[in-house]
Amino acid sequence: MEECGQSLWQEAWRDLRRRPLIRGCLGIIVCFFLVALYGEIVYRYYQIADRTPSYSQVNLSERYLPPSLFRHPFTKEGRLWAGVKALAYRPWGTDNLGRDVLQRTIQGTRIAFLVGVVTSLIAIPIGVLLGCISGYFGKGIDDLIVWLYSTIESIPGLLFILAISMVVGKGIMGVYLGIGLTTWVGLCRLLRAEVMKHRDRAYVMAARSLGYSSWRIIFRHILPNVFHIVIITFSLRFPAAIGTEVFMSFLGIGVQGEPSWGIMIGNARLRLWQGIWWEMAAVSAAILLVVLAFNLVGDALRDALDPRLRSKEK
Amino acid sequence: MTRFIIRRLLYTIPMVFGVILITFILFNVVGGSPASMALGKNVSPQALEEFDEQRGFNKPLLFGWWTSTRAFPEREFAEPITLLVGSNFTVPFLFPLRPDSRYRLKVEIRSKGTGARVRFLPGIWAALSDPAMDLSSHWQWGEFLFKTGTNSGAEPVLLSVEKGNIEFRRVQIERRMPHWSDSQLVHYFHTLARLDLGTSLMTNEKVTTMLKRGILPSLALTVPIFFGGLVLSVALALVCAYWRNRWPDRVFVFLAVALMSVNYLVWIILGQFFMAYKWHWFPIWGFESWDYLLLPVTIGILSGLGGNLRFYRTVILDEIYKDYVRTAFAKGMSPAGVLFRHVLPNAMIPIVTNTVIAIPFLYTGSLLLESFFGIPGLGGLSINAINSSDVEVVRGVVLVGAILYVVASLVTDLCYALVDPRVKLR
Chain C
1 MEECGQSLWQ
11 EAWRDLRRRP
21 LIRGCLGIIV
31 CFFLVALYGE
41 IVYRYYQIAD
51 RTPSYSQVNL
61 SERYLPPSLF
71 RHPFTKEGRL
81 WAGVKALAYR
91 PWGTDNLGRD
101 VLQRTIQGTR
111 IAFLVGVVTS
121 LIAIPIGVLL
131 GCISGYFGKG
141 IDDLIVWLYS
151 TIESIPGLLF
161 ILAISMVVGK
171 GIMGVYLGIG
181 LTTWVGLCRL
191 LRAEVMKHRD
201 RAYVMAARSL
211 GYSSWRIIFR
221 HILPNVFHIV
231 IITFSLRFPA
241 AIGTEVFMSF
251 LGIGVQGEPS
261 WGIMIGNARL
271 RLWQGIWWEM
281 AAVSAAILLV
291 VLAFNLVGDA
301 LRDALDPRLR
311 SKEK
Chain P
1 MTRFIIRRLL
11 YTIPMVFGVI
21 LITFILFNVV
31 GGSPASMALG
41 KNVSPQALEE
51 FDEQRGFNKP
61 LLFGWWTSTR
71 AFPEREFAEP
81 ITLLVGSNFT
91 VPFLFPLRPD
101 SRYRLKVEIR
111 SKGTGARVRF
121 LPGIWAALSD
131 PAMDLSSHWQ
141 WGEFLFKTGT
151 NSGAEPVLLS
161 VEKGNIEFRR
171 VQIERRMPHW
181 SDSQLVHYFH
191 TLARLDLGTS
201 LMTNEKVTTM
211 LKRGILPSLA
221 LTVPIFFGGL
231 VLSVALALVC
241 AYWRNRWPDR
251 VFVFLAVALM
261 SVNYLVWIIL
271 GQFFMAYKWH
281 WFPIWGFESW
291 DYLLLPVTIG
301 ILSGLGGNLR
311 FYRTVILDEI
321 YKDYVRTAFA
331 KGMSPAGVLF
341 RHVLPNAMIP
351 IVTNTVIAIP
361 FLYTGSLLLE
371 SFFGIPGLGG
381 LSINAINSSD
391 VEVVRGVVLV
401 GAILYVVASL
411 VTDLCYALVD
421 PRVKLR
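First to last, the protein sequences are chains C and P.
Take 1 as the starting number for the first sequence in the numbering used here and just add one per residue.
Take 1 as the starting number for the second sequence in the numbering used here and just add one per residue.
In case anyone wonders, no lab produced these hints; they're calculated from the structure.
Be careful, since some hints might not be right.
Below, a list of computed lysine-lysine pairs in the DSS-like style, where the Cα atoms sit at most 25 Å apart [unchecked claim]:
| id | chain 1 | residue 1 | chain 2 | residue 2 |
| --- | --- | --- | --- | --- |
| 1 | C | Lys-170 | P | Lys-41 |
| 2 | C | Lys-139 | C | Lys-197 |
| 3 | P | Lys-41 | P | Lys-106 |
| 4 | P | Lys-322 | C | Lys-197 |
| 5 | P | Lys-163 | P | Lys-41 |
| 6 | P | Lys-163 | P | Lys-112 |
Here chain C is said to cover these stretches of chain P; the calculated rule only asks that three of the stretch's residues, wherever they fall, bring their Cβ under 8 Å from a Cβ of chain C [what the hints assert, rightly or not]:
| id | region |
| --- | --- |
| 7 | 260-268 |
| 8 | 382-395 |
| 9 | 404-410 |
Between beta-carbon pairs, the in silico distance windows are [stated by the list, open to error]:
| id | chain 1 | residue 1 | chain 2 | residue 2 | range |
| --- | --- | --- | --- | --- | --- |
| 10 | C | Lys-139 | P | Arg-250 | 23 to 29 Å |
| 11 | P | Asn-204 | C | Gln-256 | 25 to 31 Å |
| 12 | P | Ile-25 | C | Leu-121 | 18 to 24 Å |
From the three backbone atoms N, C-alpha and C, an ideal C-beta is built for every residue, glycine too.
Let the sequences and hints guide you as you build the complete structure.
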C-alpha cells in the first residue's frame, strides 16, 4: 500500500513539473514563502530589540516618495556599498506617513502566510477528524456531524466569520478563529463521502478481520488513500483565507497595528484619488500573484491527484 | 413519496434549532452581555444591570436557580484576607439589592488556627439558612441565604467572626431566579417565537424594521448581479465546452482563474476609481436612481465571473463525456446541436441546484459593494453593525439569512423529489 501511494504522488509530481506554467507558479509560491520568512525574521528582530520597526516608523519628511531605484546619486567613496544602498532605499516609494511601501508589503506577506497556515491548522484537523469519523462509523454519529456541518453551512459565510471575530475581539486571533472554525465544512463533506466509499473495500475488510482498531484503520489505512483531498483542499483554501483576511483587516476588525495587506489597501485607497498609485499597485500585485499561483497549482494538483477526473480527461 | 416529504420537512426542525443554538453560543455564551459595549465606559453598574434585565442577559445561560448580579461581581483575592476575632467584613454592594428577592452569599473560607466560627448578619433582612458556621482549617464554601425586604435599601450585609481568626479568598453573591428554566436560552427562544429579533444597541430601533428597510436596496443590487452573472457565465461556459481543450477554452479558463485571483477589494476600488472617477461612465456614490446601480452591478458580475465560469464549465464537461453524448454524435448531430439540445438540459440540473441554493445569500446583500457605493441595504447595515459591535443587528441578519437558506434547501429538495423519481432520502 505504501508503494502504491508513493507512485500516485510521484506521478502527480512528475505531471506538475512537466508543465512550465505550474513550475512558474510553484516558483512564485516558494519566493513568497521566503519573503514571508524574511518578514518574520525582521519582525522578530524588532520585537527582540524592542524598537519601533522601521516599516511602521513615521517619517514625515519623506512622505509620498514615488518608486525609484536610484534615489541617491552614486558617491565616489565606497562605490559598491553606496550603490546597494541607493538601490535598496525605499525602492517602491513611501506612503502618507513616509513608511517604506516595500517593507510593509513584505510584512503583509508574512501576515497573509501566517493566516493561511494557522487557519489551515485549525480547519483541516477538524474537517479530517469529523469527516473520517462520520464516514467510517455512520449511524448516529454521522447524523450528528452532518447536522453540525449543514447547520454551519446554512449560516451566511462571510457574516459568520465576521461575527465570530467580532465576538472574540478585534485582532489576528479573531481572524484565525473566524476563518478556521467555519471553513472545515467543505473538506469534512468531501472526506465523509470518500471514506464511505472506502469503508467496505477489501483492504479495510482485511484490516478489520486482522482485529485492528477502528482508529488505526481510519488513520493508518483509509486516510492515506484519501489524503489527496486534503492536499487539494489546502492549496485551494489557502488563497481564500488570504482573501478573507485582507477583507477583514480592511474593515478594521482584522489585524491591528501591523501592516497587513488589507490595512494597506484601506490606506492606499484614500491616496489613490491624489494620484499616489504605488502602494495600491504593490499590494494588488502581491495579492494577485500569490492567489493566482495558489489557484493554478491547486487546479493542477486536482487534475493530477484525482484519478476520477484524470480517467475522464484522457 | 409522502414519507420522503414528511421526513424532509421534519429535518428542517433540527436545522433551524441548530442555527438558533449556534447564534446563541456565539453571542450569549462566548460574547456575553453587550451592556458595557452599548452604554459606554462611564456608566453605573446599576444602569448595566437594568440593560441586562431588559434584554434578559442577567439570567442563567442554560438553566439553573442562581444567577450572578452586578451589585457585587464575583471577587477572588490573590492573597487571602485575614479577619481577627470580633471584626466584621462588610460586603460592598455597588447598588442596592432588589426588593423581595432571595440572595445567596458564598464565601470560600477557612479557620486560621482551629475552631473558628463566623456568623452571617444580613441586617434587617431575614436569614433563610443557619447564620452561624463552624470552620475547619481547610478551605470550604460557606453559603448563607437571605431574603431582601419590601423596600430595596443599601442594608449592610456583614460577616462577623465570633471565635478564632479566619481567612477568606473568594466572595460571590447570587440571586435566585423565580424558576429554574428562566434562562437566557429560553428567553431567546421566547423572543424568537414572537418573531422579535431584538433592538439595535446603537439606534434602539427594532431589528426587524431595520431588516425590512434594507432588504429592497439589497435585492436591487444582488438580483441583477446574480442573474446577469448566471447568464454570462453559463454562456461562456458553453463556449469553453464547445472548444474544450483548444485555445479559446484555455484562454477563458486562464482568464477565469486570473479574474478569480484579483481581490474583491481591488475590483471595487479600481472599478470605482477608473470607471466612475476617471472616465465618468457612472455616478460615483449614492442611491438615487437606477443608474447608480450600474457600476456596482458591473463590478459584482465581473468579480464573480471567474469562479462561476469554472464551475459551470466543470458541470458541462461532466456531461460531455457521457454515453448519450457519444450516441448523439454517432448519429451525426452537429456539435452545436448536441451541446444545446442534449448537454445543456442535462447540465441544467446541477446549475439550477446551485442557483436556487445561492438565492438566500442574495438577501444579505453585498457587504462591500453596499458600503462602497452608499447603497442603504443589509450588507452596509451589517458592516456598520460589525464595526460598532452591534450584536443584536448582526445576530438578526445572520439568523434570518440562515433560516432562509434552510427553507431554500428544503424547497430545492422537494422540487427534486417531485421532478426526479430517482430521488429518495437514503
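Tested hints:
Pair hint C/Lys-170 plus P/Lys-41 holds up; C-alpha atoms about 18 Å apart against a cutoff of 25 Å. Restraint check for C/Lys-139 and C/Lys-197: satisfied, since their Cα atoms lie roughly 15 Å apart, inside the 25 Å limit. Between P/Lys-41 and P/Lys-106, the direct Cα distance comes to roughly 29 Å. Violation of the 25 Å bound is thereby established for this hinted pair. Between P/Lys-322 and C/Lys-197 the CA atoms are separated by roughly 22 Å; this keeps the pair inside 25 Å, and the hint holds.
About 43 Å separates the Cα atoms of P/Lys-163 and P/Lys-41, which puts this hinted pair outside 25 Å; it is violated. Distance restraint check for P/Lys-163 and P/Lys-112: the Cα-Cα separation of roughly 11 Å lies within the 25 Å cut-off, and the hinted pair is therefore satisfied. Residues of the region 260-268 of chain P with a Cβ under 8 Å from some Cβ of chain C number 7, which satisfies the need for three, so the listed coverage holds. For a cut-off of 8 Å, the count of residues in the region 382-395 of chain P with a CB near a CB of chain C stands at 8, and the three-residue condition holds.
For the region 404-410 of chain P, the stated coverage by chain C is satisfied: 3 residues place a CB nearer than 8 Å to a CB of that chain, which reaches the threshold of 3. The hint said 23 to 29 Å for the Cβ distance between C/Lys-139 and P/Arg-250, and at roughly 46 Å that hint is violated. Checked against the hint of 25 to 31 Å, the C-beta distance between P/Asn-204 and C/Gln-256 comes to roughly 29 Å, which is consistent with it. As the Cβ distance of P/Ile-25 to C/Leu-121 is approximately 22 Å, the hint placing it in 18 to 24 Å holds.
Going down the numbered hints, you'll see the structure goes against 3, 5 and 10, while the others check out.
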